[in-house]
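These protein sequence lines map, in sequence, to chains E and Y. Number 350 in the working numbering belongs to position 5 of the first sequence; there are no gaps in the numbering. Number 158 in the working numbering belongs to position 71 of the second sequence; there are no gaps in the numbering.
Derived from the structure by calculation, the hints contain no laboratory data. Mixed in with the good hints there might be a few duds.
[What the hints assert, rightly or not] Subject to a maximum C-alpha distance of 25 angstroms in a straight line, what follows is the list of computed BS3-like cross-link-like pairs (lysine-lysine):
#1 Y/216 - E/360
#2 Y/116 - Y/161
#3 E/411 - Y/216
#4 Y/123 - Y/90
#5 Y/216 - Y/259
#6 E/378 - E/411
#7 Y/116 - Y/259
#8 Y/239 - E/391
#9 Y/282 - Y/239
Residue strings, one per chain:
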Amino acid sequence: MTPGSYVVEVIVENKPLARDPEGETIHQNLILKGGYNQVTGVRAGKLLRMKVEANSPEDARAIVRKLSDDLRIYNPSAHTIQVRVVG
Amino acid sequence: MGKVAVIQYPGSNCDLDALEILRDVVKAKTDLVWHKDLTHDDYDAYVLPGGFSYGDYLRAGAIAATSPSLRIVKEATEGGKPVLGICNGFQILVEAGLLPGAVLRNSSLRFVCTWTRLRVETTRTPFTKRANAGQVLEIPIAHNEGRYYLDKEQVPELERNQQIVFRYVNEKKEATEDANPNGSIDNIAGVCNQKGNVMGLMPHPERASIPVLSLDSQTDGRVIFDSMMRTLHGPGA
Numbered sequence: 346m347t348p349g350s351y352v353v354e355v356i357v358e359n360k361p362l363a364r365d366p367e368g369e370t371i372h373q374n375l376i377l378k379g380g381y382n383q384v385t386g387v388r389a390g391k392l393l394r395m396k397v398e399a400n401s402p403e404d405a406r407a408i409v410r411k412l413s414d415d416l417r418i419y420n421p422s423a424h425t426i427q428v429r430v431v432g
Numbered sequence: 088m089g090k091v092a093v094i095q096y097p098g099s100n101c102d103l104d105a106l107e108i109l110r111d112v113v114k115a116k117t118d119l120v121w122h123k124d125l126t127h128d129d130y131d132a133y134v135l136p137g138g139f140s141y142g143d144y145l146r147a148g149a150i151a152a153t154s155p156s157l158r159i160v161k162e163a164t165e166g167g168k169p170v171l172g173i174c175n176g177f178q179i180l181v182e183a184g185l186l187p188g189a190v191l192r193n194s195s196l197r198f199v200c201t202w203t204r205l206r207v208e209t210t211r212t213p214f215t216k217r218a219n220a221g222q223v224l225e226i227p228i229a230h231n232e233g234r235y236y237l238d239k240e241q242v243p244e245l246e247r248n249q250q251i252v253f254r255y256v257n258e259k260k261e262a263t264e265d266a267n268p269n270g271s272i273d274n275i276a277g278v279c280n281q282k283g284n285v286m287g288l289m290p291h292p293e294r295a296s297i298p299v300l301s302l303d304s305q306t307d308g309r310v311i312f313d314s315m316m317r318t319l320h321g322p323g324a
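Isolated chain Y (complex conformation) (with noise of 0.2 angstroms):
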């Protein structure tokens, strides 16, 4: 039965919110982990939630990439375990470098409140395999330092790899500039790392994964949660 842990750090505010829909919702065996308290590679996944860490110093994510728990995850990693880091997860893999690029304030100067599209870009990882590539999931986001960035000659080479997992788009389905909620680089909402068991994401997927906190009812977030589940069970999960 594969367990996974939610990784609780000073300031993170969206960790029970994770663990609710994962143990409510998908029926994983779930602990709430405080980071300190992470000190063996117990789990057979974890999940970085969102918020913030010790008041995002210096850099969103920055010092909580240092803390002892990143060596345990990056430990998981390694052994291809599956890793999900929403928000300020994210911004904590990327700060410790196992995903790739800089998350940047937003280019509106602005904290950014509001329901996305994201589109699939690869359904290679743990947390998109259930999802169908082209299929647009509406998702919420809310944060201040969302740009993704990293060099634009960077970019291709993402690409290539699969690295990218979910871009902003319109209701098209197009990548545009009006749809691009913070200023992110080609649009990305979303990378993993090159073996595709590390993925981070800006949206919140823990907001659109039951009716009632959705606009139109819809759980599309439900499928990075579904798709992690059977990852860890196999198919019949």
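Bound-form chain E, shown alone (with noise of 0.2 angstroms):
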């Protein structure tokens, strides 16, 4: 238990079988164009950092885990999220 600050990352995604045209359009006519043929797929999503006041990582995981849910951070018909504490 270490009350204080924590650093939050939400990350939204379309779900695997939902086209992701913006990702196939970086991959296909940036990265493949470039020469990066190592790069076999790319996924563009959304990111979102909140500052969150917890009594611990573990705290202020659930807490912006919940809000995502609650709140509709992501629509679930169409979006995965990932939720991790990064500092």
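Please dock the two separately framed chains into a single complex, following the hints provided.
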């Protein structure tokens, strides 16, 4: 238990089966054209970085996970999220 | 006498168009209501107009979906009242969970502004009851986030429940890839809830309801508002 201020990131991505034209365009028209053939796929998403007052990193993560569900930070019909404490 | 509210959000810009069609063309008693002023379910039908809302930050419609006005709209839908979402209004209804699925960025990554053909898939909604099943309506779209999405395996369920109201089609009435302007799954342009009283669509019927706005003076969009009038006032309307 270390009360304090934590930095929590939420990464919102389209579900794997939902096409991601932005990622496809970055891959095909920038990365592959630039000669980086080692890159076999790109998915674009959205990153939200939140500063959270909490009792522990686990609490901070749980708060952000809950708000992401409650306030529909993502649309579960089309998106997945990852929530991670980075600082 | 049925009374309609067009709900105005910060960024709505097709609100006055919808108001004009409702008031002056189909002669519905209609108020333009700022979303924060909608505190009671005092109307008989609600229209969420097109445009933007809250900069469409996070996702189109996502922030407006948390407006207290949506609580009133939800209450109205539970009572069976007709609710229509056009473009951003559709996105808001989806984000508020009143309609299924999600509306994502166009597959072309471009803002698309063009005329489309819509095939009427069901006439059971208050907004299509004066149309004929299979009828094609020419109605324009103008959006950047119009790609209707839900998991592929959910499409048959939507179909079974008669929740798919419009599909983009070609001149032969076929739902082809070429006729799909934004990459929507299964060419879906508009859907309704299970009960059928809440409908949302990306195209703008209010832009195809008076002859001067159309390419060939047709008014195909009117049938949506005429249907709503019949729902509010009975067959004589």
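Taking the hints in turn, this is what the structure says about them:
1. Y/216 - E/360: This hinted pair is violated, its Cα atoms lying about 36 angstroms apart.
2. Y/116 - Y/161: holds (21 angstroms)
3. E/411 - Y/216: violated (41 angstroms)
4. Y/123 - Y/90: holds (19 angstroms)
5. Y/216 - Y/259: With a Cα-Cα distance of about 23 angstroms, the restraint between residue 216 of chain Y and residue 259 of chain Y holds, given a limit of 25 angstroms.
6. E/378 - E/411: The hint is violated at about 41 angstroms.
7. Y/116 - Y/259: With Cα atoms ~38 angstroms apart, residue 116 of chain Y and residue 259 of chain Y exceed 25 angstroms; violated.
8. Y/239 - E/391: holds (23 angstroms)
9. Y/282 - Y/239: Judged against 25 angstroms, a Cα distance of about 22 angstroms means the pair holds.
In this structure, the earlier hints numbered 1, 3, 6, 7 are contradicted, and the remaining ones agree with it.
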